[in-house]
Amino acid sequence: AQKVTQAQTEISVVEKEDVTLDCVYETRDTTYYLFWYKQPPSGELVFLIRRNSFDEQNEISGRYSWNFQKSTSSFNFTITASQVVDSAVYFCALRRGAEKLVFGKGTKLTVNP
Amino acid sequence: NAGVTQTPKFQVLKTGQSMTLQCAQDMNHEYMSWYRQDPGMGLRLIHYSVGAGITDQGEVPNGYNVSRSTTEDFPLRLLSAAPSQTSVYFCASSPLRGGRGEQFFGPGTRLTVL
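Chains as they are written, first to last, in our numbering: chain P, 1 to 113; chain E, 1 to 114.
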């Protein structure tokens, strides 16, 4: 069975703080893909990143960085110097094969000015 | 490209009524799917399709029907609406091969069943 766990339901930080969103996944597949999506208050889902199971390199995109560790089945997301515009619900997701996407329950991040 | 479009954006139904949520994409994607989003539950897969004429059940299919007669359209039918189907519904599409592997999501339909 596939499962994604985002243990942090809600996180509140003050602007400019760094924040890490945790994601732990379960799968028996050797080939799989991990995703992060952002859902701002307006409600749409915004794709942030995809990682495949063969690529454990960490990735940085501006203030965003992702740490993928197969040994601990984790795919954590860090926002450096958070901003109010980062306030959103963030979803981690796992995909097996070509199609099915399994989502975690999401972490609501609030960045206060 | 319009991407993935969904209509209506909002809908209120009475218990027992039926309706169809529309989803269309203009990216020639083979894969399309429907999710529902409930508070604290994340997104859960209702039904999906890997091409015209092919559909399959996801995690929470009861009370919903789908069909895929064309590549572009993937409507979701509520047969007899129940209050438990009050939710936000998202349609998504993606190519089966190539691309970045992301699913493209529509803007969502907020459904209330009274």
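These are calculated hints, taken from the structure and not from any lab test. Please note: incorrect hints may appear among the correct ones.
Claimed, not checked - Below, computed lysine to aspartate or glutamate pairings styled on EDC-like, alpha-carbon distance capped at 16 Å:
1. P:LYS100 / P:GLU10
2. P:LYS105 / P:ASP18
3. P:LYS105 / P:ASP22
4. P:LYS16 / E:GLU59
5. P:LYS108 / P:ASP55
6. P:LYS108 / E:ASP38
7. P:LYS70 / P:GLU10
8. P:LYS105 / E:GLU30
9. P:LYS16 / E:ASP38
10. P:LYS16 / P:GLU44
11. P:LYS108 / P:GLU26
12. E:LYS9 / P:GLU44
13. P:LYS108 / P:GLU10
14. P:LYS16 / P:ASP55
15. P:LYS100 / E:ASP26
16. P:LYS70 / P:ASP86
17. P:LYS100 / P:ASP22
18. P:LYS38 / P:GLU56
19. P:LYS3 / E:ASP56
20. P:LYS3 / P:GLU17
21. P:LYS3 / P:ASP18
22. P:LYS105 / P:ASP55
23. P:LYS105 / E:ASP56
24. P:LYS3 / P:GLU44
Outcome of the hint check:
{"no.": "1", "hint": "P:LYS100 / P:GLU10", "verdict": "violated, 26 Å"}
{"no.": "2", "hint": "P:LYS105 / P:ASP18", "verdict": "violated, 22 Å"}
{"no.": "3", "hint": "P:LYS105 / P:ASP22", "verdict": "holds, 12 Å"}
{"no.": "4", "hint": "P:LYS16 / E:GLU59", "verdict": "violated, 39 Å"}
{"no.": "5", "hint": "P:LYS108 / P:ASP55", "verdict": "violated, 27 Å"}
{"no.": "6", "hint": "P:LYS108 / E:ASP38", "verdict": "holds, 14 Å"}
{"no.": "7", "hint": "P:LYS70 / P:GLU10", "verdict": "violated, 25 Å"}
{"no.": "8", "hint": "P:LYS105 / E:GLU30", "verdict": "violated, 27 Å"}
{"no.": "9", "hint": "P:LYS16 / E:ASP38", "verdict": "violated, 31 Å"}
{"no.": "10", "hint": "P:LYS16 / P:GLU44", "verdict": "violated, 25 Å"}
{"no.": "11", "hint": "P:LYS108 / P:GLU26", "verdict": "violated, 22 Å"}
{"no.": "12", "hint": "E:LYS9 / P:GLU44", "verdict": "holds, 12 Å"}
{"no.": "13", "hint": "P:LYS108 / P:GLU10", "verdict": "holds, 5 Å"}
{"no.": "14", "hint": "P:LYS16 / P:ASP55", "verdict": "violated, 30 Å"}
{"no.": "15", "hint": "P:LYS100 / E:ASP26", "verdict": "violated, 21 Å"}
{"no.": "16", "hint": "P:LYS70 / P:ASP86", "verdict": "violated, 27 Å"}
{"no.": "17", "hint": "P:LYS100 / P:ASP22", "verdict": "violated, 22 Å"}
{"no.": "18", "hint": "P:LYS38 / P:GLU56", "verdict": "violated, 22 Å"}
{"no.": "19", "hint": "P:LYS3 / E:ASP56", "verdict": "violated, 20 Å"}
{"no.": "20", "hint": "P:LYS3 / P:GLU17", "verdict": "violated, 30 Å"}
{"no.": "21", "hint": "P:LYS3 / P:ASP18", "verdict": "violated, 27 Å"}
{"no.": "22", "hint": "P:LYS105 / P:ASP55", "verdict": "violated, 25 Å"}
{"no.": "23", "hint": "P:LYS105 / E:ASP56", "verdict": "violated, 23 Å"}
{"no.": "24", "hint": "P:LYS3 / P:GLU44", "verdict": "violated, 23 Å"}
Violated hints for the displayed structure, listed by number in ascending order: 1, 2, 4, 5, 7, 8, 9, 10, 11, 14, 15, 16, 17, 18, 19, 20, 21, 22, 23 and 24.
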